[in-house]
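Sequences are here, hints too, so could you generate the full structure?
Chains A and B supply the protein sequences, listed in that same order.
For the first sequence, position 154 (counting from the first letter as 1) is numbered 395 according to the working numbering, and the numbering increases by one without interruption.
For the second sequence, position 216 (counting from the first letter as 1) is numbered 272 according to the working numbering, and the numbering increases by one without interruption.
It is worth saying that the hints were derived from the structure and are not from the lab.
None of the values given here were measured: they were computed from a predicted structure.
No residue lacks a Cβ here, since even glycine has one placed at the ideal position from N, Cα and C.
Warning: the hint list may mix true and false statements.
[Unchecked claim] Some, not all, of what chain A presents toward chain B, calculated at C-beta under 8 angstroms:
no., residue
1, K247
2, K289
3, V465
4, V477
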Amino acid sequence: MAEKFKEQAVVIRQEELAYGIYSMWLKTDKIAAQARAGQFISLYCRDKSRMLPRPISICQVDAADNALRIVYRVAGKGTEEFSTLGTGKEIEIVGPLGNGFPKKDKKAFLIGGGIGIPPMLQLARELTCEKQIILGYRDTLFLQEDFRGLGKVYIATEDGSYGTEGNVLDAIRENGLTADIVYACGPTPMLRAIKQFAAERGMECWLSLEEKMACGIGACLACVCRSREKDSHTNVNNKRICKEGPVFRAEEVDIG
Amino acid sequence: MNMKVNLAGVTLKNPVMTASGTFGSGQEYAEIVDLNQVGAVVTKGVANIPWEGNATPRIAETYGGMLNAVGLQNPGIDVFVQRDIPFLIQYDTKIIVNVCGRTTEDYCQVVERLSDQPVDMLEINISCPNVKEGGIAFGQDPRAVEAITREVKKYARQPVIMKLSPNVTDIAEMARAAEAGGADALSLINTLTGMKIDIHKRTFALANKTGGLSGPAIHPVAVRMVYQTAHAVKLPIIGMGGIAAAEDAIEMLLAGATAVAVGTANFANPTATVEIVEGIRRYMEAYGIEDVVELIGAVR
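Right under this line is the structure:
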């Protein structure tokens, strides 16, 4: 079992990439050196009227410098608090949490939708196979420049302002792309469509799921998803997203 | 300095334990917290058979607290006995098993199964607001509280703690009923029933619509109920409800609790339990208190 640590991380720098989307680099003691693509960290608010940690996926790791990057959307008061932290400010974090993406040497689709794009960056950096990176946005692009040189990048926007008009699967079809394995993170309707798309084509498919969490470490049983098989830990057809996930083989889980 | 307390004949090394449902069976937190430092680990509720729990979302944050409607998901007593008890006995702490059920027979079956197991106490959950059958159905009627306590006691080899619901008009009446039924100790409070609505999605924040409110927001309610109960019965009380710091735990002891349980605070700070133990020690040093027992019920 991978070790996890509770630390006071220090903000190296923070910037707003697009409206409400922030990029924060954190200096850690031990967490970054252990972190892998697809894992997440829990960030704790200073304002203790907000008790629960915010689980945020790891976007980029600089193991040599023990730094890691998160790219997140301000979704409420907790993430709003994080967005105000400038260089040198401390923030309590626990991590690395969850299991990352498995890394297979197969021609791959790396698919990110919206705020599901950030974990794909570290995955693209870790994978050595042939990579086709498909990024889906509503309208405003962010982080797309960081994928340059890591694989062939395709972009879809819902309003058609850039790349394919439509979603990530429209981009795949429009460009006639094929792959043997899919790694994906994004909104549930997107993941559901990707699961079906991969199943129809016999592609191996790995999805990163999210759910409201309390503890983040597998104790509270808040963040479960329905599983096809009985889970060996819970002894029912529920898997803990924070512990057994957040990345699951698509066939293992029922995502509605 | 003495930190030990006697809870219905069981000696705890200090009065701080974990609250059921917030700490699993300790395995996950053991990676971050030294379980040897807590007075007892109270496990997540276990039933006679595995329970799948409620649909998600199961939790929602609220101001100074949270709502949960996990629905007592648990692996069932067989897996619990095979896996969780062997894990916990490795530590120098007391083991308190929280028991849940849908019927009186369910509870008794689990209690009987635990009779030859190396566990120190049983906590009977008759106060979960998030399941349709069992749970709170037993906890809001004094006759039902007394009856289930009496039944469980027939099968129990370990001291029995009845965990009471705050969702009642008169907590003292429920406490007296448990005492009449033969309870050895009481735990209070379980969560307060609440609701949160997502105004952007215009739907309930929890799939179960209602959930149990916990966290610092409920602490004053818990202190009041512990105080009332301490004056209504002779049984020792485990006080819980929004304890997030040593000050909250001390307040609960002063109100009449013999021990305290830390729940939601584990989510906000995974090392909350051990920090509270240390905080109580510092408080005792600062005020020259030799024995933690001096604090119990000191404010009358």
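Unmet hints by their number, sorted upward, for this structure: When the structure is compared with the hints, none of them turns out to be violated.
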